[in-house]
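Asker: Each chain, written out:
Protein chains: 2
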Amino acid sequence: MELDRRKRQVLRAIVEDYVASAEPIGSRTLARTLGLGVSSATIRNEMADLEALGLLDKPHTSAGRVPSDRGYRLYVDELMEPRPVEAEAFRRMRLMYLRRVREMDYLVAQTLKLLSAAGDFLAVGLGPGARTARLRRLDALEAGEGQVALVLVTDHFVQHRLVEMPDGMDAGGLQRSLLVLSHELQGVGLERITRSMLESVAREIKGRMREELLSFLHDCLSDSEEQVRIVGTSRFLAQPEFREPERIREAVQLIEQSGALQELLLEASGRGGVSVRIGGETSLPETRELSIVALGIERQGELVARFGLVGPKRMDYAKALALAEEVLRGLEQAIS
Amino acid sequence: MELDRRKRQVLRAIVEDYVASAEPIGSRTLARTLGLGVSSATIRNEMADLEALGLLDKPHTSAGRVPSDRGYRLYVDELMEPRPVEAEAFRRMRLMYLRRVREMDYLVAQTLKLLSAAGDFLAVGLGPGARTARLRRLDALEAGEGQVALVLVTDHFVQHRLVEMPDGMDAGGLQRSLLVLSHELQGVGLERITRSMLESVAREIKGRMREELLSFLHDCLSDSEEQVRIVGTSRFLAQPEFREPERIREAVQLIEQSGALQELLLEASGRGGVSVRIGGETSLPETRELSIVALGIERQGELVARFGLVGPKRMDYAKALALAEEVLRGLEQAIS
DNA sequence: CGGTAGCACTCTCATACGATGAGTGCTAAA
DNA sequence: TTTAGCACTCATCGTATGAGAGTGCTACCG
Chain A
1 MELDRRKRQV
11 LRAIVEDYVA
21 SAEPIGSRTL
31 ARTLGLGVSS
41 ATIRNEMADL
51 EALGLLDKPH
61 TSAGRVPSDR
71 GYRLYVDELM
81 EPRPVEAEAF
91 RRMRLMYLRR
101 VREMDYLVAQ
111 TLKLLSAAGD
121 FLAVGLGPGA
131 RTARLRRLDA
141 LEAGEGQVAL
151 VLVTDHFVQH
161 RLVEMPDGMD
171 AGGLQRSLLV
181 LSHELQGVGL
191 ERITRSMLES
201 VAREIKGRMR
211 EELLSFLHDC
221 LSDSEEQVRI
231 VGTSRFLAQP
241 EFREPERIRE
251 AVQLIEQSGA
261 LQELLLEASG
271 RGGVSVRIGG
281 ETSLPETREL
291 SIVALGIERQ
301 GELVARFGLV
311 GPKRMDYAKA
321 LALAEEVLRG
331 LEQAIS
Chain B
1 MELDRRKRQV
11 LRAIVEDYVA
21 SAEPIGSRTL
31 ARTLGLGVSS
41 ATIRNEMADL
51 EALGLLDKPH
61 TSAGRVPSDR
71 GYRLYVDELM
81 EPRPVEAEAF
91 RRMRLMYLRR
101 VREMDYLVAQ
111 TLKLLSAAGD
121 FLAVGLGPGA
131 RTARLRRLDA
141 LEAGEGQVAL
151 VLVTDHFVQH
161 RLVEMPDGMD
171 AGGLQRSLLV
181 LSHELQGVGL
191 ERITRSMLES
201 VAREIKGRMR
211 EELLSFLHDC
221 LSDSEEQVRI
231 VGTSRFLAQP
241 EFREPERIRE
251 AVQLIEQSGA
261 LQELLLEASG
271 RGGVSVRIGG
281 ETSLPETREL
291 SIVALGIERQ
301 GELVARFGLV
311 GPKRMDYAKA
321 LALAEEVLRG
331 LEQAIS
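Line by line, the protein sequences give chains A and B. Everything in the first sequence is counted per my numbering, starting at 1 for the first residue and increasing by one. Everything in the second sequence is counted per my numbering, starting at 1 for the first residue and increasing by one.
These are computed hints drawn from the structure, not numbers from a lab. Keep in mind it's a predicted model, so treat the numbers as computed, not measured. Fair warning: there could be bad hints in the mix.
Pairs count within a copy or across copies, as identical chains cannot be separated in the list.
As the list claims (entries may be wrong) - The calculated lysine to any residue pairs, modelled on SDA-like cross-linking and capped at a C-alpha distance of 25 Å, are:
1) K113 x T42
2) K113 x H218
3) K113 x E256
4) K58 x D316
5) K7 x K58
6) K58 x R73
7) K206 x A334
8) K206 x R94
9) K113 x E211
10) K113 x E263
11) K113 x D17
12) K206 x S177
13) K7 x Q262
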């Protein structure tokens, strides 16, 4: 069923007023601010219809109306006016994506800073991890005083560990072994490197150094496996949705044990590009009261980074979408 | 003035009951639990004396008593029974410090995990940063497909950045330049390396790569300059001190903009070893309601890492102190 | 038939009030 | 020095009450 022009106007005004004020919207105020020449009773009728269509909710009998998930969805898909990113944020993004850094962790961290500074969102981001990385180099850099830095380089991240050499061990030999291995595994996806491949290579390395090397490589292959980064907690928590201590506590827990947020990000950033999940549209019960504007950065058909702007359902979708589009454009161009 | 035996017993019981229950302690309950054969009136008199000495406070006329800062201090210095670390935490620490990793960031991160898992504390930690680090090596590792990994190694951390080479640039040449520089600056403290020294060296490197290199080195010298790590937020915030939303909000802000926590840690870990700051004993107004058990790890007379266990003043000092002593022992031995 | 005025009704929120209960300080007696 | 007893102080909690905002419905108007 199609909504007539006035119903759309009413829904849009309710969403936007509610986003701005966080208070349920009543027919009286709406009749005034909307500035059509109609009375509150007329608005009430329209509201009742919109509620019957499942686009509005009532917190209780005598509060005003609040958009439902479907109401927000309709607003995002059809009613919302696109809006460009603010000039300052735009400038800083451009500047950053002009640089030649190719390290995803760094780019993710920097992007998150920009995103969280640009609004009240919780900015979450995920680098490529081991899943899509290809090995480029494995090296051992002698660093004096019996120490050596193990370094693993892939096409979009670097991992390292500084280790004490056992007495009498030869750094040069270690380096040569690793470079041979490095050569053999050049270009191989990290997730395809198995424990036995590593062990066979480390065969000629003895004692504790062998253990540390294997532990390091194991961490590179698994632990680096996607650890979601989160920025902007306090502005996020400052929103009126988290007025009650119970809500704050839930949110803090959600953020600290980050698993659910990571799930949400993975689910929402799905197949690249920009997408929006509103409230219960996600399958995760923990985030049913939140929305996310997510994006996945593609490179040669693979997702190498994901970002999300998380807020209460009453978030500024237009702003979040504008930011997301801009990051998508900037980053994909930068790393292409 | 000296406290008699019974006053000390009373103070100790009040601190320990209050730590356990978070409720002000009344004379009636105390008379019962203390199990001396005295009545509540007697206890009331003792309490009145302790209050006059500034060791107890009253939240309001008809609540029970609560330890004051000076009360906690006396408890920590003289009344508290030392307690060993729990077996499981002890085992995991030993295991970790037996390894040969010398990378402070890694050790700090791992230690914080253990610390925050062992109690309701907020565990904060600070690596060495540029302040005490000496340059060991500066290198550029070719990584195929026109990318190169810039690596800076010091005696206790490694920094890296993956960068796209401008067309036609020679990775070998870049590496040679850096190794020369590396040789010249070998062993020099990072904080003594000036911008002009870097620029003179980077002179032979041209164009965008020069910019990226300088930006990378600049970040290594300043940005890495001590960024405090914080673990255990949600267990910390779950404590009854943060029941009111206002308090939670303050705490979240304190944690997220971490500046004050860092100050607190720096101040408290002062000259190495283990130390305790209780409430207003610190000069920072933001943390007047918190306590910290802090430790500084020394190596060759320099502080290379600091840790703090932060809690409400009503924290378990015995447990925190035991953990701190253990970390101090383990880490200093490991890196000596 | 869409729009409007009017009105009864519902529900939240803030405030006031009194009862309750825990705890104190003081006094007088053991 | 200790204890019993008692008056007093506060915070807390449940209840009552009124104000305010908003709705739904009905009757009426153009």
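Asker: Hint numbers the structure violates, sorted upward?
Answerer: 1, 11 and 13
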